[in-house]
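K.L.:
Listed below are the residues making up each chain.
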Amino acid sequence: AQTVTQSQPEMSVQEAETVTLSCTYDTSENNYYLFWYKQPPSRQMILVIRQEAYKQQNATENRFSVNFQKAAKSFSLKISDSQLGDTAMYFCAFMLQGAQKLVFGQGTRLTINP
Amino acid sequence: EAQVTQNPRYLITVTGKKLTVTCSQNMNHEYMSWYRQDPGLGLRQIYYSMNVEVTDKGDVPEGYKVSRKEKRNFPLILESPSPNQTSLYFCASSLGSGLSGRKLFFGSGTQLSVL
Numbered sequence: 001a002q003t004v005t006q007s008q009p010e011m012s013v014q015e016a017e018t019v020t021l022s023c024t025y026d027t028s029e030n031n032y033y034l035f036w037y038k039q040p041p042s043r044q045m046i047l048v049i050r051q052e053a054y055k056q057q058n059a060t061e062n063r064f065s066v067n068f069q070k071a072a073k074s075f076s077l078k079i080s081d082s083q084l085g086d087t088a089m090y091f092c093a094f095m096l097q098g099a100q101k102l103v104f105g106q107g108t109r110l111t112i113n114p
Numbered sequence: 001e002a003q004v005t006q007n008p009r010y011l012i013t014v015t016g017k018k019l020t021v022t023c024s025q026n027m028n029h030e031y032m033s034w035y036r037q038d039p040g041l042g043l044r045q046i047y048y049s050m051n052v053e054v055t056d057k058g059d060v061p062e063g064y065k066v067s068r069k070e071k072r073n074f075p076l077i078l079e080s081p082s083p084n085q086t087s088l089y090f091c092a093s094s095l096g097s098g099l100s101g102r103k104l105f106f107g108s109g110t111q112l113s114v115l
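Heads up: the sequence lines are chains A and B, in that order. Heads up: the first sequence begins at 1 in our numbering, then just goes up one per residue. Heads up: the second sequence begins at 1 in our numbering, then just goes up one per residue.
The reader is advised that the hints may include incorrect statements.
Unchecked claim - Derived Cβ-Cβ restraints for the label pairs, each shown as a range:
| hint | chain 1 | residue 1 | chain 2 | residue 2 | range |
| --- | --- | --- | --- | --- | --- |
| 1 | B | E1 | A | P40 | 17 to 23 Å |
| 2 | A | I46 | B | P61 | 47 to 53 Å |
| 3 | A | T27 | B | M27 | 24 to 30 Å |
| 4 | A | P114 | B | M27 | 36 to 42 Å |
| 5 | A | S80 | B | G63 | 23 to 29 Å |
| 6 | A | V13 | B | L88 | 24 to 30 Å |
Said to hold, decoys possible - As a list, the in silico DSS-like pairs of lysine-lysine whose alpha-carbon atoms are at most 25 Å apart:
| hint | chain 1 | residue 1 | chain 2 | residue 2 |
| --- | --- | --- | --- | --- |
| 7 | A | K101 | A | K73 |
| 8 | A | K73 | B | K71 |
| 9 | B | K103 | A | K55 |
| 10 | A | K70 | B | K103 |
| 11 | B | K17 | A | K101 |
| 12 | B | K103 | A | K78 |
| 13 | A | K55 | A | K70 |
| 14 | A | K101 | B | K71 |
| 15 | B | K65 | A | K101 |
| 16 | B | K57 | B | K18 |
| 17 | B | K103 | A | K101 |
| 18 | B | K71 | B | K57 |
| 19 | B | K69 | A | K101 |
| 20 | A | K101 | A | K70 |
| 21 | B | K69 | B | K103 |
| 22 | B | K103 | B | K71 |
| 23 | B | K57 | B | K17 |
| 24 | B | K65 | B | K17 |
Unchecked claim - Some, not all, of what chain A presents toward chain B, calculated at C-beta under 8 Å:
| hint | residue |
| --- | --- |
| 25 | Y25 |
| 26 | F91 |
| 27 | M95 |
| 28 | Q100 |
| 29 | K101 |
| 30 | L102 |
| 31 | F104 |
| 32 | G105 |
| 33 | Q106 |
| 34 | G107 |
By construction, these hints were calculated from the structure, which means they are not laboratory data. For glycine and all other residues, C-beta sits at the position ideal for the given N, C-alpha and C.
All chains, please: the whole structure from these sequences, using the hints.
P.N.:
Shown next as structure tokens:
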């Protein structure tokens, strides 16, 4: 079975700083997808960024980028120039190719301070 | 507007009183699923459906039922709710194949409290 681990329950940084959220996963499969979801206080689940395991190039979406280390089974999220609106719970998630189930990590609560 | 509509947003009930949480999507998606979110555990899949009349168990199916009689609807049924089913519930849908098809569209969540 696949598992996803987020070892940082909470993080707090100042506005405009860069912050990195950690995520590791465990799988014996070779083909899969990885995702980061943001959940603000509204509870809405918002897709931040996604990565296909076969692509070596790290995905980027504006201020959000990932560091995907397939051999180490690591998928960290970097938020540059953090903004107050980035305050949220962030979930790392895994999906096998051919499946539709997301396996989520425990979440990291990120607070951006003014 | 493409969306997954989930109702109700909040629900307080008592042990043993049957309830249904509705979920509807307007994107003609093949896949629909239910997740529950609990502190420290993230989200876990309860049930999923690959098409009309095709459903299967996820990781935590005990105490839940689902049905998929129409492509757009995927209700979650708790026939005899218990306090350990107090949780935040999400319905999600997705198209299917490829990376874009793996993008799940989530409903706005249902906070359920079972007293």
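K.L.:
None of the hints should be skipped; say for each whether it holds.
P.N.:
Cross-check of the supplied hints:
Checked against the given bound of 17 to 23 Å, the beta carbons of E1 of chain B and P40 of chain A, roughly 19 Å apart, stay inside it. At roughly 27 Å, the beta-carbon separation of I46 of chain A and P61 of chain B lies outside the given 47 to 53 Å, and the hint is violated. T27 of chain A and M27 of chain B have their C-beta atoms about 29 Å apart, which keeps the hinted 24 to 30 Å range intact. About 38 Å separates the C-beta atoms of P114 of chain A and M27 of chain B, a value consistent with the hinted range of 36 to 42 Å.
A hinted range of 23 to 29 Å for the beta carbons of S80 of chain A and G63 of chain B is inconsistent with their spacing of about 43 Å. At roughly 26 Å, the beta carbons of V13 of chain A and L88 of chain B sit within the given window of 24 to 30 Å. Distance restraint check for K101 of chain A and K73 of chain A: the Cα-Cα separation of roughly 19 Å lies within the 25 Å cut-off, and the hinted pair is therefore satisfied. Of the supplied pair hints, the one linking K73 of chain A and K71 of chain B is violated, its CA atoms being roughly 36 Å apart against a limit of 25 Å.
Of the pairs offered as hints, the one joining K103 of chain B and K55 of chain A holds, with about 17 Å between alpha carbons and a cut-off of 25 Å not exceeded. Using a Cα cut-off of 25 Å, the hinted pair K70 of chain A and K103 of chain B holds, with the two alpha carbons roughly 21 Å apart. At roughly 29 Å between alpha-carbon atoms, K17 of chain B and K101 of chain A are farther apart than 25 Å, so this suggested pair is violated. With a C-alpha separation of about 20 Å, the suggested pairing of K103 of chain B with K78 of chain A holds against the 25 Å cut-off.
Distance restraint check for K55 of chain A and K70 of chain A: the Cα-Cα separation of roughly 10 Å lies within the 25 Å cut-off, and the hinted pair is therefore satisfied. Taken as a hint, the K101 of chain A and K71 of chain B pair is honoured in the structure, with Cα atoms around 18 Å apart against an allowance of 25 Å. Straight-line distance between C-alpha atoms of K65 of chain B and K101 of chain A comes to about 18 Å, which keeps the hinted pair within the 25 Å bound. Of the supplied pair hints, the one linking K57 of chain B and K18 of chain B holds, its CA atoms being roughly 20 Å apart against a limit of 25 Å.
In summary, the hint linking K103 of chain B to K101 of chain A is supported, as the alpha carbons are separated by about 11 Å, within the 25 Å threshold. Using a Cα cut-off of 25 Å, the hinted pair K71 of chain B and K57 of chain B holds, with the two alpha carbons roughly 18 Å apart. Restraint check for K69 of chain B and K101 of chain A: the C-alpha separation of about 21 Å stays at or below 25 Å, so the hint holds. Distance hint between K101 of chain A and K70 of chain A is fulfilled; the C-alpha atoms sit about 20 Å from each other, no more than 25 Å.
Distance restraint check for K69 of chain B and K103 of chain B: the Cα-Cα separation of roughly 23 Å lies within the 25 Å cut-off, and the hinted pair is therefore satisfied. Between the alpha carbons of K103 of chain B and K71 of chain B the distance comes to roughly 18 Å, so the proposed pair stays at or under 25 Å and holds. Only pairs whose Cα atoms come within 25 Å are accepted, and K57 of chain B paired with K17 of chain B is accepted, the gap being roughly 23 Å. At most 25 Å may separate the alpha-carbon atoms for a hinted pair to count; K65 of chain B and K17 of chain B meet this at roughly 14 Å.
Checking Y25 of chain A against chain B by beta carbon gives a least distance of about 12 Å; that is not within 8 Å, so the hint is violated. Taking 8 Å as the C-beta contact cut-off toward chain B, the hint placing F91 of chain A at the interface holds, the least distance being around 6 Å. With a cut of 8 Å, the hint placing M95 of chain A at the interface with chain B holds, because the nearest CB-to-CB distance is about 6 Å. Interface restraint check: Q100 of chain A against chain B, minimum CB-CB distance 5 Å, threshold 8 Å, status holds.
A hinted interface residue such as K101 of chain A counts as satisfied when its beta carbon comes closer than 8 Å to some beta carbon of chain B; here the least separation is about 5 Å, so the hint holds. Using the Cβ-Cβ criterion of 8 Å, the hint placing L102 of chain A at the interface with chain B is satisfied: the shortest such distance is roughly 6 Å. With a cut of 8 Å, the hint placing F104 of chain A at the interface with chain B holds, because the nearest CB-to-CB distance is about 4 Å. The beta carbon of G105 of chain A comes within 5 Å of a beta carbon in chain B, closer than 8 Å, and the hint placing it at the interface holds.
Given the 8 Å rule on beta carbons, the hint for Q106 of chain A holds: about 5 Å separates it from the nearest Cβ of chain B. Because the closest C-beta pair between G107 of chain A and chain B is about 6 Å apart, less than 8 Å, the hint holds.
Of the numbered hints given earlier, the model fails hints 2, 5, 8, 11 and 25; all others are met.
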